[in-house]
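Full structure from sequences and hints, please.
Chains as they are written, first to last, in UniProt numbering: chain Z, 1 to 395; chain U, 1 to 395.
Please keep in mind that the hints were generated in silico from the structure rather than gathered at the bench. Certain hints may be false.
Note: identical chains are not told apart, hence a pair may lie in one copy or across any two.
As the list claims (entries may be wrong) - Calculated lysine-lysine pairs in the BS3-like style (CA-CA distance at most 27 Å, straight line): (1) LYS209 to LYS71; (2) LYS44 to LYS159; (3) LYS209 to LYS45; (4) LYS336 to LYS44; (5) LYS71 to LYS167; (6) LYS159 to LYS45.
Only a predicted model underlies this, so the values are computations on that prediction, with no experimental measurement involved.
Protein chains: 2
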Amino acid sequence: MDHLHQTFSVRFTYSVLFTERLFDYTNPLLADFFSQQATADTRKKLLFIMDSGVVDTHPDVQDDIRTYFAKHADLVDLLADFLVIPGGEIAKNDSDFVEQIVDAVDRYGIDRHSYVAAIGGGSVLDLVGYAAAISHRGIRHIRIPTTVLSQNDSGVGVKNGVNYRAKKNFLGTFVPPVAVFNDSQFLTTLDDRDWRAGIAEAIKVALIKDRPFFEWIEAHAEELAARDMPAMQYLVHRCAEMHLQHIAGGDPFEMGSSRPLDFGHWSAHKLEQLTNFEIRHGEAVAIGIALDSLYSQQLGWLTESDTNRILTTLRTLGFALYQPMLDADNSAGVLKGLSEFREHLGGQLTIMLLKGLGQGVEVHEMDADRIRQAIATLRKTDSLAFQTYKVSETL
Amino acid sequence: MDHLHQTFSVRFTYSVLFTERLFDYTNPLLADFFSQQATADTRKKLLFIMDSGVVDTHPDVQDDIRTYFAKHADLVDLLADFLVIPGGEIAKNDSDFVEQIVDAVDRYGIDRHSYVAAIGGGSVLDLVGYAAAISHRGIRHIRIPTTVLSQNDSGVGVKNGVNYRAKKNFLGTFVPPVAVFNDSQFLTTLDDRDWRAGIAEAIKVALIKDRPFFEWIEAHAEELAARDMPAMQYLVHRCAEMHLQHIAGGDPFEMGSSRPLDFGHWSAHKLEQLTNFEIRHGEAVAIGIALDSLYSQQLGWLTESDTNRILTTLRTLGFALYQPMLDADNSAGVLKGLSEFREHLGGQLTIMLLKGLGQGVEVHEMDADRIRQAIATLRKTDSLAFQTYKVSETL
Ligand SMILES: NC(=O)c1ccc[n+]([C@@H]2O[C@H](COP(=O)([O-])OP(=O)(O)OC[C@H]3O[C@@H](n4cnc5c(N)ncnc54)[C@H](O)[C@@H]3O)[C@@H](O)[C@H]2O)c1
Ligand SMILES: NC(=O)c1ccc[n+]([C@@H]2O[C@H](COP(=O)([O-])OP(=O)(O)OC[C@H]3O[C@@H](n4cnc5c(N)ncnc54)[C@H](O)[C@@H]3O)[C@@H](O)[C@H]2O)c1
Ligand SMILES: [Zn+2]
Ligand SMILES: [Zn+2]
Chain Z
1 MDHLHQTFSV RFTYSVLFTE RLFDYTNPLL ADFFSQQATA DTRKKLLFIM DSGVVDTHPD
61 VQDDIRTYFA KHADLVDLLA DFLVIPGGEI AKNDSDFVEQ IVDAVDRYGI DRHSYVAAIG
121 GGSVLDLVGY AAAISHRGIR HIRIPTTVLS QNDSGVGVKN GVNYRAKKNF LGTFVPPVAV
181 FNDSQFLTTL DDRDWRAGIA EAIKVALIKD RPFFEWIEAH AEELAARDMP AMQYLVHRCA
241 EMHLQHIAGG DPFEMGSSRP LDFGHWSAHK LEQLTNFEIR HGEAVAIGIA LDSLYSQQLG
301 WLTESDTNRI LTTLRTLGFA LYQPMLDADN SAGVLKGLSE FREHLGGQLT IMLLKGLGQG
361 VEVHEMDADR IRQAIATLRK TDSLAFQTYK VSETL
Chain U
1 MDHLHQTFSV RFTYSVLFTE RLFDYTNPLL ADFFSQQATA DTRKKLLFIM DSGVVDTHPD
61 VQDDIRTYFA KHADLVDLLA DFLVIPGGEI AKNDSDFVEQ IVDAVDRYGI DRHSYVAAIG
121 GGSVLDLVGY AAAISHRGIR HIRIPTTVLS QNDSGVGVKN GVNYRAKKNF LGTFVPPVAV
181 FNDSQFLTTL DDRDWRAGIA EAIKVALIKD RPFFEWIEAH AEELAARDMP AMQYLVHRCA
241 EMHLQHIAGG DPFEMGSSRP LDFGHWSAHK LEQLTNFEIR HGEAVAIGIA LDSLYSQQLG
301 WLTESDTNRI LTTLRTLGFA LYQPMLDADN SAGVLKGLSE FREHLGGQLT IMLLKGLGQG
361 VEVHEMDADR IRQAIATLRK TDSLAFQTYK VSETL
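Now the structure itself:
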């Protein structure tokens with residue numbers, strides 16, 4: 001009997017919209033979105049799921065949302081209850097939260113043409129995106145990222161996920177949002193660590209793809225550290241744009257062997273786990289960038305001066321570049337991150353290194369001794385910065 | 001600041017291959033597949049997950065698989081252990097099984113370029129497809145369907161899922177397999193109920209799309225009931241082909257308002273639940289087809305003679321067309337299936353009815369009294385067939 005062959009393409013499209021004060025009822029952005037999406041046949045529901053860190057620092061946000069959708073009651077049915085999820089990695093570590101969201105979808109009768117809108121950092125967004133993706137085989141989700149990292153990286157892409165038995169993103173899917181709203185006003189309430197952490201993702205993408213962007217960050221490192229908002233807005237926009245281009249230009253669902261933008265990430269993921277998620281993803285990425293830059297220098301691929309420009313930029317921004325867990329027992333320690341990284345992405349081990357500022361290259365193996373040597377360099381040179389970090393952490 | 005707009009397409013491709021004795025080591029089909037997929041850079045692993053109903057009725061299958069991949073050890077690393085999951089709807093009802101599969105992925109280090117192959121009925125396939133889709137954001141999965149229904153419908157499509165709090169397919173994703181192998185040899189060991197059940201899906205698709213195919217089934221109903229294999233092979237092939245065409249020609253991931261092939265399904269899903277999954281999906285679909293055909297006749301859309309041809313074909317095949325749960329308390333009963341069906345698919349209620357043999361039409365409401373009247377007709381006319389069904393069920 002003849003065999004059958006199936007081929008089809010699925011087109012995905014969404015916008016990443018930049019604004020200030022999204023929920024001010026005079027701001028038309030959200031209303032425009034819902035009126036473009038409206039269809040004659042059914043009314044749609046809208047459930048908000050919020051990061052507790054946002055609720056705590058923006059006590060008016062729930063009222064603002066109610067006012068906004070009361071003015072636009074013709075467009076969508078706002079559900080009266082908001083679901084609040086504890087912010088930070090805990091949102092991804094406890095499977096109860098997935099269940100809470102799925103139960104809310106069931107209880108409120110959210111169907112595949114209705115919306116779940118997540119407001120929060122990358123952790124809450126990853127969680128909500130995952131729960132939305134698996135409910136009814138995918139309900140529409142809107143992302144309203146509220147951290148630097150989620151506005152410039154995690155919130156604009158196609159991935160979601162939760163941790164499973166403490167393994168980062170072990171469960172997840174590739175599903176784009178229907179829209180992303182980046183409101184810079186949210187960034188004003190971030191604590192310094194979260195303001196800073198997301199900048200690491202911009203440095204990551206700049207170093208492997210865009211030297212002028214790296215040099216811009218280098219030149220504005222002090223302004224950024226001093227929480228200059230226009231500088232941050234530029235950084236977020238350019239970084240988001242580069243992430244979007246990488247996704248569309250490559251292999252969006254990572255089915256082949258092309259890689260996501262993950263310079264500095266093999267050790268970062270492991271460090272997050274080894275520190276029990278006490279360091280932020282972006283803080284871990286900063287360390288990972290430093291480590292892989294020093295490694296690139298050892299290979300003779302990066303000059304000492306370029307390496308120092310990277311380390312200095314990271315330190316000017318306030319990043320600690322050494323973390324004691326880098327020296328944890330090797331078999332279970334950070335080196336184990338190499339094999340876990342390979343396993344998570346599948347196929348051959350592929351690590352991004354640098355052959356210059358703005359020029360990433362892929363390698364397929366790393367040498368354990370060279371890694372240890374790079375760690376030793378960080379341990380020696382970063383003691384001062386690390387003190388500062390410990391102080392801010394215990395505040 | 002400028003807004004950003006993202007658009008990309010993702011291409012999916014897979015084959016549905018028809019064969020007999022897939023695991024006979026002289027059969028090149030599986031080996032060819034793996035050698036086409038092989039890449040120089042890494043070896044890939046292959047984990048088999050099996051339906052207990054297949055293991056029980058095909059005691060040699062595990063040895064055959066080991067022999068097959070021992071002969072083809074260059075192509076892929078077969079994992080020594082097989083995971084066996086209880087067959088039938090229980091596989092989708094108990095979330096422990098999702099966890100068992102995810103844990104196996106973790107334990108055996110199955111990455112996104114490795115394979116999970118599921119051998120079994122639609123239930124085990126739906127479960128494994130779901131667990132594979134969420135592990136590492138999607139590992140490659142191969143389907144080896146072993147029931148009529150999974151070979152001609154569920155196993156060839158893009159959906160997977162499990163039940164949640166007894167709601168059918170409440171959790172799931174749209175993810176195509178990398179390949180489907182339909183081995184008709186497996187069908188020989190099905191009990192009569194499962195042999196028959198899958199035929200309902202062929203009648204469903206024929207009635208809404210392809211009158212000649214319906215007439216072929218009508219003409220071969222006795223052969224099919226007598227378990228004629230060549231007739232079944234033709235039916236499975238044609239039905240699988242129509243499902244593939246519908247998916248590729250429409251909206252594969254059901255993002256808009258176009259509908260899956262779900263004639264007769266709104267009441268079927270609810271009946272499965274109301275009977276505690278004691279009737280098979282295909283048995284419920286046969287009842288749903290009968291119900292919606294009678295309803296179409298009441299609207300004057302289907303002639304009495306065409307309606308009788310449908311009912312007679314179903315009965316010749318051995319289907320019972322009445323189930324007492326059709327008359328369960330209305331508020332919680334089968335009528336509730338209408339709203340749950342709308343909710344699961346999202347948007348406006350859309351029900352497929354018939355305007356003739358081979359001609360489906362969509363409606364957006366159904367009248368409760370007419371539904372009750374159709375149920376009353378089934379109750380009256382099906383008492384004999386129902387007796388038969390009860391006897392075979394208690395065997
Ligand atoms: N999906 C992806 O593609 C992707 C990419 C990169 C990172 N990530 C993930 O993102 C997560 C990290 O996200 P993150 O860096 O945004 O941190 P986060 O979400 O963990 O949030 C950090 C803290 O900030 C609080 N917070 C959030 N918004 C706030 C605001 N406006 N004001 C005050 N406090 C606020 C939170 O409550 C939390 O306590 C990690 O789990 C990481 O793995 C995902
Ligand atoms: N994903 C989809 O698109 C889709 C479409 C239609 C139906 N479905 C789902 O498929 C499921 C029904 O699948 P099904 O009808 O294949 O039944 P099933 O998977 O529930 O299996 C029925 C019984 O047959 C046994 N069995 C399987 N293969 C056998 C063999 N070769 N010999 C002997 N026994 C065997 C099983 O162990 C089980 O006891 C339902 O959950 C339904 O919702 C999914
Ligand atoms: Zn990152
Ligand atoms: Zn069906």
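List in ascending order the numbers of the hints, as given earlier, that are violated by the structure. 1, 3 and 5
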